[in-house]
Amino acid sequence: MSQVTLKKSLFDITKDHNESIKYTLSTSDGFEIALIDYGATIQSIRQPDKQNHIEEITLGYDTLQGYIDDKCYFGCTVGRVTNRIKNGYFQLDGIDYQLEKNDNAKHHLHGVFNKHIWNSSTENNDTVIFKYQSPDGEDGFPGEVDVTVKYTLTNDHRLIMDFYGKTTKPTPINMTNHTYFNLSEDGFPGEVDVTVKYTLTNDHRLIMDFYGKTTKPTPINMTNHTYFNLSGNTNETILDHQLLVSANQFTPLDEEHIPTDKRQIASVENTPNDFRKLTCVGDHIHEIPYAYNVMFVIDGEGKRSFGKLVHSKSGRAINIESTQKALQFYTGTYLDNVNGREGVIYKKYSGLCLETQNYTDSVNNQPQFPSTILRPGEEYHEQTIFHFYLE
Numbered sequence: 036m037s038q039v040t041l042k043k044s045l046f047d048i049t050k051d052h053n054e055s056i057k058y059t060l061s062t063s064d065g066f067e068i069a070l071i072d073y074g075a076t077i078q079s080i081r082q083p084d085k086q087n088h089i090e091e092i093t094l095g096y097d098t099l100q101g102y103i104d105d106k107c108y109f110g111c112t113v114g115r116v117t118n119r120i121k122n123g124y125f126q127l128d129g130i131d132y133q134l135e136k137n138d139n140a141k142h143h144l145h146g147v148f149n150k151h152i153w154n155s156s157t158e159n160n161d162t163v164i165f166k167y168q169s170p171d172g173e174d175g176f177p178g179e180v181d182v183t184v185k186y187t188l189t190n191d192h193r194l195i196m197d198f199y200g201k202t203t204k205p206t207p208i209n210m211t212n213h214t215y216f217n218l219s220e221d222g223f224p225g226e227v228d229v230t231v232k233y234t235l236t237n238d239h240r241l242i243m244d245f246y247g248k249t250t251k252p253t254p255i256n257m258t259n260h261t262y263f264n265l266s267g268n269t270n271e272t273i274l275d276h277q278l279l280v281s282a283n284q285f286t287p288l289d290e291e292h293i294p295t296d297k298r299q300i301a302s303v304e305n306t307p308n309d310f311r312k313l314t315c316v317g318d319h320i321h322e323i324p325y326a327y328n329v330m331f332v333i334d335g336e337g338k339r340s341f342g343k344l345v346h347s348k349s350g351r352a353i354n355i356e357s358t359q360k361a362l363q364f365y366t367g368t369y370l371d372n373v374n375g376r377e378g379v380i381y382k383k384y385s386g387l388c389l390e391t392q393n394y395t396d397s398v399n400n401q402p403q404f405p406s407t408i409l410r411p412g413e414e415y416h417e418q419t420i421f422h423f424y425l426e
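Everything in the sequence shown is counted per the numbering used here, starting at 36 for the first residue and increasing by one.
Any given hint could turn out to be false.
Heads up, simulated DSSO-like pairs for lysine-lysine below, C-alpha to C-alpha not over 27 Å straight-line [unchecked claim]:
1. LYS150 / LYS136
2. LYS57 / LYS150
3. LYS383 / LYS348
4. LYS85 / LYS312
5. LYS383 / LYS121
6. LYS141 / LYS121
7. LYS106 / LYS57
8. LYS343 / LYS312
9. LYS50 / LYS106
10. LYS150 / LYS42
11. LYS338 / LYS312
12. LYS383 / LYS338
13. LYS382 / LYS106
14. LYS150 / LYS348
15. LYS106 / LYS85
16. LYS121 / LYS106
17. LYS150 / LYS50
18. LYS382 / LYS150
19. LYS136 / LYS383
20. LYS121 / LYS85
21. LYS136 / LYS382
22. LYS141 / LYS106
Simulated DEER-style distance windows between Cβ atoms [unchecked claim]:
23. ILE300 / ILE48: 45 to 53 Å
24. LEU45 / ASP275: 32 to 40 Å
25. ASP51 / ASN372: 21 to 29 Å
26. ASN160 / ILE130: 29 to 37 Å
27. ARG339 / GLN299: 16 to 24 Å
28. ALA140 / GLU304: 30 to 38 Å
29. LYS42 / GLN403: 43 to 51 Å
Since the hints were derived computationally from the structure, they do not count as laboratory data. If you're wondering where the values come from, they're calculated on a predicted model, not measured in any experiment. Ideal placement from N, C-alpha and C gives every residue a C-beta, glycine not left out.
Please build the complete structure, drawing on both the sequences and the hints.
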């Protein structure tokens with residue numbers, strides 16, 4: 036069985052003397068994940084295929100300046116609240132909160148967790164921990180929030196992500212990782228402390244733990260925003276990837292990607308969103324006006340299977356487990372000639388995202404959607420596991 040090793044190094048220094056640290060988790064059979072402290076970001080994942088060719092399977096940048104200028108959220112941890120909040124507005128405990136409108140000057144999207152250097156540390160040889168304190172009023176949200184994200188890699192290629200949070204005031208919270216896969220401070224109330232912990236196990240599981248606590252009630256919803264392309268060649272699209280999602284329902288969105296007022300939960304039956312059987316991503320993508328940017332409702336509670344992504348030609352596959360409520364599936368529709376890693380130009384469908392999180396705009400859709408509010412004395416904790424294997 037392969038063993039996990041950990042290496043710490045300097046990632047990059049900008050001309051303004053900003054610097055970032057890189058942590059590389061690797062196994063003896065060639066699997067490797069690189070993490071940087073800017074945005075608690077997955078900077079790279081390299082995986083062997085069935086011919087033992089080791090290739091890059093995510094989208095990203097070679098430089099810190101690339102991530103500073105980034106508008107695609109490559110590989111980063113996003114929050115205080117993942118996804119969109121309609122009109123950048125919500126009401127909590129009788130108080131109105133107006134957030135930064137950073138999505139076409141109309142809605143609030145993702146927050147600013149990805150635009151900060153996080154405090155970092157390691158645990159054993161398989162875990163990296165990132166922590167951030169979000170101040171009261173960042174992005175317009177209430178409460179100081181302490182957030183922790185923990186990444187663990189197992190020796191069978193499972194990436195386990197744990198998200199934790201505590202607050203000093205009631206606040207919405209919903210965090211995720213925004214990785215794009217290709218297998219081919221905005222005004223929130225309350226100060227928030229955030230920790231992200233990454234652990235790589237020797238069975239190739241990457242474990243991601245997200246933690247948070249706050250000084251005031253506040254929304255929180257964190258994720259990781261990595262783009263994947265399992266082909267190992269980002270000049271190829273992800274349309275030949277196959278996806279299975281354990282979801283009978285999804286949340287219909289309007290043309291601005293906000294949940295509709297009339298049908299907030301709908302069946303996937305007889306729609307292009309039915310991935311209950313392993314289905315090629317490109318089979319029905321052109322039946323949807325904006326391609327896939329869909330929120331799947333995952334039944335059940337606790338850690339459970341969310342589905343899997345497969346690239347048959349290379350044999351690479353990812354199995355997903357999480358404690359979260361939903362899965363956002365995005366096919367990189369808005370990638371538009373982005374200058375990426377090693378001089379590659381990323382275009383539409385160069386990568387896809389599988390983001391475990393709470394529902395979009397949950398704070399404005401109560402009680403229909405699960406709550407994202409974190410209150411003082413409570414701790415936010417969500418875990419996601421990506422298992423990288425050959426099929």
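Query raised in the report: Do the alpha carbons of LYS338 and LYS312 lie within 27 Å of each other, as the hint requires?
Result: Judged against 27 Å, a Cα distance of about 21 Å means the pair holds.
Query raised in the report: Are LYS383 and LYS121 close enough, with their CA atoms no more than 27 Å apart?
Result: holds, 26 Å
**Report entry** Given pair status - LYS106, LYS50, alpha carbons within 27 Å
**Finding:** holds, 20 Å
Query raised in the report: Hey, LYS141 versus LYS121, does the alpha-carbon distance stay inside 27 Å?
Result: With Cα atoms ~8 Å apart, LYS141 and LYS121 stay inside 27 Å; holds.
Query raised in the report: Has the hinted range 45 to 53 Å been met by the Cβ atoms of ILE300 and ILE48?
Result: holds, 48 Å
Query raised in the report: Does LYS150 pair with LYS136 here, judged by a C-alpha cut-off of 27 Å?
Result: Holds - the C-alpha atoms of LYS136 and LYS150 are around 16 Å apart, at most 27 Å.
Query - Given pair status - LYS150, LYS57, alpha carbons within 27 Å - result: Holds, at about 16 Å.
**Report entry** Hint consistency between LYS382 and LYS150 [alpha-carbon to alpha-carbon, up to 27 Å]
**Finding:** holds, 23 Å
**Report entry** Satisfaction of the hinted span 30 to 38 Å by the C-beta atoms belonging to ALA140 and GLU304
**Finding:** holds, 37 Å
**Report entry** Hint consistency between LYS141 and LYS106 [alpha-carbon to alpha-carbon, up to 27 Å]
**Finding:** Holds: LYS141 and LYS106 sit about 17 Å apart, inside 27 Å.
Query raised in the report: Is LYS382 within 27 Å of LYS106, Cα to Cα?
Result: Status holds; Cα separation ~14 Å.
Report task. Starting from the hint 29 to 37 Å, judge whether the C-beta atoms of ASN160 and ILE130 obey it. Result -> violated, 46 Å
Against the hints set out earlier in the document, violations occur for numbers 12, 14, 15, 20 and 26.
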